[in-house]
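Below, each chain spelled out in residue letters.
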Amino acid sequence: EAGVTQFPSHSVIEKGQTVTLRCDPISGHDNLYWYRRVMGKEIKFLLHFVKESKQDESGMPNNRFLAERTGGTYSTLKVQPAELEDSGVYFCASSHPPRRWKAFFGQGTRLTVV
Amino acid sequence: TQLLEQSPQFLSIQEGENLTVYCNSSSVFSSLQWYRQEPGEGPVLLVTVVTGGEVKKLKRLTFQFGDARKDSSLHITAAQPGDTGLYLCAVGSSNTGKLIFGQGTTLQVKP
Chain A
1 EAGVTQFPSH
11 SVIEKGQTVT
21 LRCDPISGHD
31 NLYWYRRVMG
41 KEIKFLLHFV
51 KESKQDESGM
61 PNNRFLAERT
71 GGTYSTLKVQ
81 PAELEDSGVY
91 FCASSHPPRR
101 WKAFFGQGTR
111 LTVV
Chain B
1 TQLLEQSPQF
11 LSIQEGENLT
21 VYCNSSSVFS
31 SLQWYRQEPG
41 EGPVLLVTVV
51 TGGEVKKLKR
61 LTFQFGDARK
71 DSSLHITAAQ
81 PGDTGLYLCA
91 VGSSNTGKLI
101 FGQGTTLQVK
111 P
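Protein chains in written order, with our numbering: chain A, 1 to 114; chain B, 1 to 111.
Some hints could be false.
[Said to hold, decoys possible] List time: in silico DSBU-like cross-link candidates among lysine-lysine, alpha-carbon distance up to 35 Å:
1. A/Lys15 <-> B/Lys59
2. B/Lys57 <-> A/Lys44
3. B/Lys59 <-> A/Lys102
4. A/Lys54 <-> B/Lys59
5. B/Lys59 <-> A/Lys44
6. B/Lys59 <-> B/Lys70
7. B/Lys70 <-> A/Lys51
8. B/Lys56 <-> A/Lys51
9. A/Lys102 <-> A/Lys78
[As the list claims (entries may be wrong)] Label-pair distances were calculated between CB atoms; the ranges are:
10. B/Pro111 <-> A/Glu57: 21 to 29 Å
11. B/Ser93 <-> A/Pro61: 16 to 24 Å
12. B/Glu17 <-> A/Arg64: 45 to 53 Å
13. A/Glu14 <-> B/Val28: 43 to 51 Å
14. A/Met39 <-> B/Gln108: 12 to 20 Å
15. A/Lys41 <-> B/Ser26: 37 to 45 Å
Since the hints were made in silico from the structure, they are not lab data.
Even for Gly, the Cβ is constructed at its ideal location relative to N, Cα and C.
Looking at chain B on its own, in the form it has when it is part of the complex:
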């Protein structure tokens, strides 16, 4: 049983479409992170959400932490081919920095 369940696992859309990916758990977390990984590279931290109900925006990306701090979503508006990649959610220990990852959502945006 995985601590973090991400959905969908794969998503292929046309340029200009909107999409949402989800990261769910039955556990409560003090914070949650979203990463993006491109082929041949390591994960790169996009955002950390801390407060229940928190919404953070990064250009066309909107991240939300659930009110109960058990889940999170990432919404991309008007997706572009450059958004193609693997999106990972993760939770970590603030004391040690150890991270637990979800399986990831592979996004392909076609021109």
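Looking at chain A on its own, in the form it has when it is part of the complex:
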């Protein structure tokens, strides 16, 4: 069984540009989460999808971040326009009821905004 896959692994963009991160969860997992770790800080929750619906987006930093989950399968996280403070590692995780707490993480996308 394939694990959670994230693309790209690394992205270096200039301030003001747009970047789209993609996450393919484990097949059949209804829950999909995005997290972010900025340098020197803990991993922080961004948002949670249940199938195609946003369940909780309380962790999204601002309206420059837009997440979608088409048809309840893969998800994208777009940052537009990117700022320097958006640099960090973005993780995606998926899980399936009833064991929602057992999340499987992708390898992360390291985003560097210069």
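With chain A held as given, fit chain B onto it using these hints.
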């Protein structure tokens, strides 16, 4: 103020030594998880502790949940270079699965 405080933040030891890392909070939790993350990879769940005072063992790793369910420890016996990595504690919602992480302990085991 962080919900989960992990200590130490960094630990560098020789192969064969024992070590303990801690995860503390002033809040009470229904469960707590420990993850390990290697460079270039995402966190991988090691264990979930649920009951106050619970002890779980995973080979040379021993996890304990505090009696009051506010803290936890991870003890590694006879550390090996393969134990090198970032150890994270986390608490989550059983309803939503949302996780809150500590900052992590970076462990380096030198051969």
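Verification of the supplied hints:
| no. | hint | result |
| --- | --- | --- |
| 1 | A/Lys15 <-> B/Lys59 | 47 Å, violated |
| 2 | B/Lys57 <-> A/Lys44 | 28 Å, holds |
| 3 | B/Lys59 <-> A/Lys102 | 20 Å, holds |
| 4 | A/Lys54 <-> B/Lys59 | 39 Å, violated |
| 5 | B/Lys59 <-> A/Lys44 | 30 Å, holds |
| 6 | B/Lys59 <-> B/Lys70 | 25 Å, holds |
| 7 | B/Lys70 <-> A/Lys51 | 33 Å, holds |
| 8 | B/Lys56 <-> A/Lys51 | 33 Å, holds |
| 9 | A/Lys102 <-> A/Lys78 | 26 Å, holds |
| 10 | B/Pro111 <-> A/Glu57: 21 to 29 Å | 45 Å, violated |
| 11 | B/Ser93 <-> A/Pro61: 16 to 24 Å | 21 Å, holds |
| 12 | B/Glu17 <-> A/Arg64: 45 to 53 Å | 46 Å, holds |
| 13 | A/Glu14 <-> B/Val28: 43 to 51 Å | 46 Å, holds |
| 14 | A/Met39 <-> B/Gln108: 12 to 20 Å | 19 Å, holds |
| 15 | A/Lys41 <-> B/Ser26: 37 to 45 Å | 20 Å, violated |
Violated hints, in rising order: 1, 4, 10 and 15; the structure is consistent with all others.
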